[in-house]
Structure formats: C-alpha cells, structure tokens
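Trainee: Protein sequences, first through last, are from chains A, B and C. Quick note: to get my numbering, add 1 to the position in the first sequence (first position is 1). Quick note: to get my numbering, add 396 to the position in the second sequence (first position is 1). Quick note: to get my numbering, add 374 to the position in the third sequence (first position is 1).
In short, the hints are calculated from the structure, not lab data. Cβ coordinates follow ideal geometry from the N, Cα and C atoms, glycine included. Certain hints may be false.
[What the hints assert, rightly or not] Pairs of lysine-lysine, DSS-like flavour, derived with a Cα cap of 27 Å:
id: 1; chain 1: B; residue 1: K531; chain 2: B; residue 2: K458
id: 2; chain 1: B; residue 1: K505; chain 2: B; residue 2: K448
id: 3; chain 1: A; residue 1: K81; chain 2: C; residue 2: K436
id: 4; chain 1: C; residue 1: K376; chain 2: A; residue 2: K136
id: 5; chain 1: C; residue 1: K436; chain 2: A; residue 2: K132
id: 6; chain 1: B; residue 1: K531; chain 2: B; residue 2: K654
id: 7; chain 1: B; residue 1: K406; chain 2: C; residue 2: K478
id: 8; chain 1: C; residue 1: K436; chain 2: B; residue 2: K531
id: 9; chain 1: C; residue 1: K476; chain 2: B; residue 2: K531
id: 10; chain 1: A; residue 1: K67; chain 2: A; residue 2: K4
id: 11; chain 1: B; residue 1: K429; chain 2: B; residue 2: K458
id: 12; chain 1: B; residue 1: K448; chain 2: B; residue 2: K458
id: 13; chain 1: B; residue 1: K448; chain 2: B; residue 2: K654
id: 14; chain 1: B; residue 1: K650; chain 2: B; residue 2: K448
id: 15; chain 1: C; residue 1: K436; chain 2: A; residue 2: K136
id: 16; chain 1: C; residue 1: K478; chain 2: A; residue 2: K175
id: 17; chain 1: C; residue 1: K440; chain 2: B; residue 2: K399
[Claimed, not checked] Short derived list, chain A residues pointing at chain B, Cβ under 7 Å:
id: 18; residue: F161
id: 19; residue: S210
id: 20; residue: S211
id: 21; residue: Y274
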Amino acid sequence: MNKYIKYVFIPGFIFLFYFFFPFPIFLPGNETTFVCIIFLCFVIEYFIEKAKSGEKIYMRPIAAIKAMEEAVGRATEMGKPVLYIPGISSLDQIDTISGLTILGHVAGMTAEYEASLHVPVCVPIVMETAKETCKEAYLKKGRPDLYRNDMVHYVTDDQFAYAAGVNGIMLREKPAAVFFQGKFYAESLILAETGNSIGAIQIAGTGSSSQIPFFVTACDYTLIGEEFYAASAYLSGSPEMLGSIKGQDYVKVACIILIVIVFISSILNGYGYTHFDISSLFRINVIK
Amino acid sequence: MDKIENIFIKLGQLDRRFIFFLIGLSVLIPLLKPGLINIPIKTTSNSEIVFKELDNLNEGDKVLVSFAYGASTKPEIHPMSVAVLQHLFSKGVKVYTVPLWPEGLMMAKYAIEEVVESNLFNIKEHTNYISLPYKAGGEIIIRGIATDIRSIFRQDVNNILIDDIPMMNGINKITDFDFVFDLSAGVPGNAEWVQFACDENNVPLSSGCTSIMVTDAIPYVESGQIRGILAGMPGAAEYEQMVFKYLNEMGDSKFLNKEALIIPGKATSRMSAQSIAHLLMVVFIIFGNISYYMIRRRNN
Amino acid sequence: MKRQIAYFLVVFIGFLTLLGHFINYSPLNNFIDNDATQWFDIISGFAAFLGVINLLQLHLNKVTNKRANWEYSIVTLAGFTLMIIFGFIYNGSEVAMGPHLKEKGSAFYWMFENIYLPLGATMFALLAFFVASASYRAFKIRNFEATLLLISGIFLMIGRVPIGQLIPWWMALEIYICLIFAIIANRFKERKVMLYSLVIAMTTIPFLISFFNLSHLAIFKIPDLQEWIMAVPATAGSRAIMIGIALGTIAQSYRIITGRERSILGD
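Looking at chain A on its own, in the form it has when it is part of the complex (with noise of 0.2 Å):
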C-alpha cells in the first residue's frame, strides 16, 4: 500500500496541483517536459527502493569497466603512471561530472594498487574539483602518502594547446594505461592515436557522439553513451546506484514503446485513417 501511495498517489497529487492548480504559479508550455521529468524521476526513485530492499539487479557486463581494474594492475606491474584525461569542459558539463566520479574509482585503484597517477586537466575549476577527489580517495583507501599535489595540474584553457601538452606527457612518460573519460571534441583523436602509438592500454568514455567513432576505433575499451553516465554507479557497486540503472532502462523501454506508437499513429494520419497529429503534443517548450 507504501509503494501505491508513494509512486501512484504522489506523481497524480503532483499532476493534478501543476495542470489544475487556479493561480498561475507555473510558466506556460512546459507541461510535456514536465510530466516527463516527473515519470522519470519516479520510475528511478521506484527501482532505486527495490534495490535497497535487496532485490538483486542484474547488470550486463561492460567490458570497459572491467578493464579498468586490469589498467591499473598493468601499469603497476610495469611500474609506469597511469594518465588520467578528465575531458576538456568545465564542471558546467555533465560528462565532466560523471568523468570526475570515475577519476575518484580510479584514484582509489591507483592507491591500492601503488601506481602513480597523473591528472592533466583543461579547466582550472576542474582541477580544484578532481584534487579533492583524488586527495579523498587516497585518503579512503589508508595511502594519504601516497597522494602528491602535483598529480593533478593544469596545462591550458586552449582545446588543441591542451591536447599537444598531453600528447608530450603521453611521449615523454610513457603511461601504462591512458583513461579519457569525460566531454572531447576534435582533440579526440589525436589524444587517443598517440596513446595508441605509446602501446598504452587505453580506456574510453564520452558522452559527445561524434567523438566516440574515434574512441571505439583508437581505444582499446570504449564506453558508448549512457554506459559513460552509468559507469559510476557500476564501479560504487551501491544497490542505489544500481537501482537507478535499472529505473533507467525502464524510462528507455517506455521511451521505445512511445516511438512506436508515434511512428504506428503518423503512418495512420499521413494515409488519412485517423485526423490526430501526435506530432501536436510534442512541441517543445515556450519561454515567457
């Protein structure tokens, strides 16, 4: 009855105060965005409690992320760094956030595993940001000694002067593992060919489209698109974050079933059986 009240009762309160409410409290316009804001979040929330009431979640596995560990091991063993390339944008980004989390697995990687980590970043906010993470996931894994505060630096704002001062790390050091996680553009290649040409073992993860072709063809792991955003919950192992990936997937059936019966209700209009243009419902929203 809990769970009728929470994710039935709740969403159709919510729906009934922002369409029927008699003040205008809400701006106009922006009722598909928001009803579908407010199904999404509590499909995730819904899935998010059945994996902390211990339901098991079953997760494909990724390849990439599996391979991170193994990354980490390797360049242990040869006894070189392990560079770590954030992406190019600012926090502003969320690909720079999600690249930030992964930074924080790995460092704790690195501190277990006693390799040397190397954190070149493009964005001087970032490199504020990623120095506490790796700083508190050193510390989290007992080896605060082993953090050096100039393990994480800044080169430069310019996207391509960025990329040649990583392309002179990357020939210089030699790292073991080479990990671009975070938002690329054009710079893509360059970074991963030249990782390629060192014989690192390189690991991919970007939310730009365009620039995961050159990933998956230069890099030895790629992470594809949301595989990017989930790979944080994946590494946590959190019933939570888990939880969430599943919601996820379920927003993306829902998705795919509308698809379909737009396709099915346009085919219907266009040969003139039915006079309802879906199309209608979806325009996007208007600013006041």
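Position chains B and C relative to chain A; hints supplied.
Mentor: Just chains B and C now, with coordinates in the frame of chain A:
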C-alpha cells in the same frame, strides 16, 4: 605468387611515418599547384537547401550570423563564412554578427574585413552590418538573445550604444530576426540554437559546421529544425561555387559592385587536395585489408 | 560537517534550478537565468587564477630543481610572460590598452595572427594524419561490424569529395562485387575457384545491369549513396545515441541532485 603475396603483406604493414609522409605530399602538392588537378564540384542537397533558404531572403531582412569557431577550425569554416556573408550582402540583407566563442570575435572581424576589402559590395558598418561583442555564457547568451537581446548587449564591438544605432531599432528578441545562420565548430553551436532559440520561436535556422559535427547535427537537419547544412570544407566549396555562379550571373544590382573582381573562395581550391588525400587513404585501407587477408590465409 | 554542507548545497541548488524552469516567479527565474550563471562565471574566473598559479608553480619548480624535461618549462614560462607583457604592459599600437587586443598594429594582435592562429590550425591539421593511420589500422574485415564500418567509411570518404562524382556506375558496381567477394572469400576452399568466380562476376554483371537498364539507380552513384548513408543509417544511429545520452544525463543529474552521487564530493 609468393613474391606478390610478400609485396602485398609488406604494403599492408607500412610504417605509419611513411603513410604520414604520403598523406602530407598528397595534400601539399595540389595546394602548391592548384591548377594541377581540377575536379568539378557537384553540389549536394543539403548545401542547395542552405543556398535556397538564403536566396529567398529579401532586401532589408535581418539575419543573425553566429560565429562559434576558432583558429583551429578557421580553414574549414572561414570560407563558408565569407561565402554566406557575400550572399547576404548581395541581397541587401542586414547582417548582425554575434560571437559565441572568445575567438569568434576575431573570426567575425576577419570575415567581415575580407568581404569589405574585396570591394564587391557597397557596405557600411551600422548601415549594412553590425558586430556585437563576445559575452561569456554560451547557451545562456543564446537564451538571452532569444528573450531579450538588449539585456545581453548594451554596446556593439566598437563600444557604441546599440540604442544609438538605427540598425538595432526594433531588434529586441530572436523573433525580430528573419533568419539565423550559425557557423560552429563545437559547443555552443547549432544544437544549442535549435534547443534554446530557433525551434521554439519558429525562427528559420541554418548552419555551417565542421565535418566531424555533421553527424551530431544531421538529426536536426532531417527533422527540418535546421534547414540544410554546410558540412565542412566540401560544403564550403559547394556553397562558394553556388555563390560564385550567382554573383557572376547577377545582372545590374545596387548591392553589387560590378567593377570589382569576383574570385572563387579558398575552399574550392582546397578540394582537390582533400580528394587526393581521401583517395590515398582508401588505397591504404585496401592494401591493409589485402595484407590482413593474406596473413590470415598463411596462418591458417 | 564540511561534507554535509557540500551535500546540502548540491541538493538545494539542484532542486532550485530545476524548479526555476517551471515556476512562474521572476526573481527565481532571474536568479536561474542570470545570477547563477554569473556566480559560476565569477567562480570560474577566480579559479583561472588558481590555474595560472598552479601552472607557474609547476614549471618554476621544474626549472629550479632541473627536473626531467625542464627545458620545455622555460618555453612555457617565456610564452606566458610574453603574452602577459603584450596583453597588459606593452601596446605597440595607437589605441588605448584594452581595445589594443583586437587592433591590427598591436603586438598582441601580431602574436595572435602569426603564432596562435597557425599553431591552432596546425594542431587541427594533424587530425588528417591521425585519421589516415587510424583508418589504416582499424578498417579491416575482421567481423561483420568491422566490415560494415569499412564499407561505409570508404563510400563516405570517396562520396564526400568531388572525385566521387567522377567514378562511373560500372566502377561502383565493380567495387561492390569486390567487397562482396572480400566478405565471402573465406567460404571458398580453393583460391583459384574464388579468383575465377570474381573475374566472371566482374565481367558479366555489368553487362546484365546495362542490359536491364539499371545503371541510373542511385546505388551506383557514390555521392548519392553517401548522402543516403548520412541521411538514413547515420541519422538513425545518431538519434539513438542522442536519446541514450539524454536519458543517461538525466539519470546522472537525478543521482547528483538527490545527493546519491557522492564520489565527486570525495565520498
């Protein structure tokens, strides 16, 4: 037969430095000797759509041109910027340039300067075009332009108040423009213009971008949210060709200075270099596959 | 305690920003649209100082202690100092300091136009070489997916440039036949049989196509095929990845806003 096999195997295992050397030559020779290889350029449907959209504009229409590229992508996008500006000025359209990248300000300056120095058009700043300054914020600036441009820009690039510029009369938000043309090499770019400004306000948008970005932009092009796209240097070359032909066939026009020389743009001359480089890459790929097949057969 | 404050700030600002998109309250909308961004820009601006200090510290340290490759640090420091001088101290043009940055005669403009622009373009141009070596290495007929990548890559590369239009229909057909035989090559037990089949196919099929008047079909025109690849399968794949990324972004943002994603705060 074994000797031929060995040759193919060796060809498929070339040192990458040799490949780089040949690619370098294949690009350098056509650039140094432009007349050596002349391949006619056929226009694609996306470039033609862009041309038609801009061609349908009338005298006095207001077009916002966004410069969102920098030094590294200048060779690819700058030729299309110049071609687009030439097309717009030839129709007496009023051009408003806005840089969304810090370097975009200089790129806009270079593009306008190139068009002005060609003496093809009788254009004056604040009469035919206005350059707005760079403001940090990316998508926020686009949203600001969409809702209230005067809250974002108080002055133009020469520090003259926009309230004092007659060309800015009646320009308050995105719907006061008749068209938006985005020249982008990354973020913010055409996707942000679609999401935050043009699609919801029904302002027609077209774009020119690097070849890498085209796969990101193509869903918007196919759905009609972006009207055609100039894809990288080939798109720039196609557009230059169309504008070159259009300017040459233009009769007497008060906008075009017929005494000035109409020269084709730089992208056209660079296409032969790109063609040879692509062909060479395909040849290398074929050799690589033949070698791979032969090695596999030997191992089996 | 420090961490609790950080969680609280993340959750509070996250929900505030989300609500700001839906609630019709102009101070809130103003905060979300203008003030919050300006706060971020101010923090980023100050963080830029930290970046500069970090850069100087690192390279000065390298030079003074003569660490490995310290010579490159001298170049970095020299470039940094030079741009500071040209940006803040030495003008070189007739306009005042500030607008001199975009004035043609100034030293800063000279550095931008003659050093920065060519260097940036050069780095981007390196992509051409890396694309060549990456495609040479990766485009191999290893399995079905790799073959599909190879075929579409070749057609796009040739179709995108003017040379693709010069390829006549029968040459495109020969390319298809060779590709088909490359895929099925392993099924032939004897090499001679494969070669004879290939030669027969390459000589007879063009005549058949010509006889049935099918040479005008778009599949035999590589530029048209290239446009179809971009418009249909590439768009479909791009849309699918975009939807997946959008959902992943929303789920990740939800985890951050609800305080579940804590590794960025060091937990």
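Trainee: Which constraints among the numbered hints does this structure fail? Numbers only, ascending.
Mentor: Hints 6, 7, 8, 10, 11, 16, 17, 21 are the ones this structure does not satisfy, whereas the remaining hints hold.
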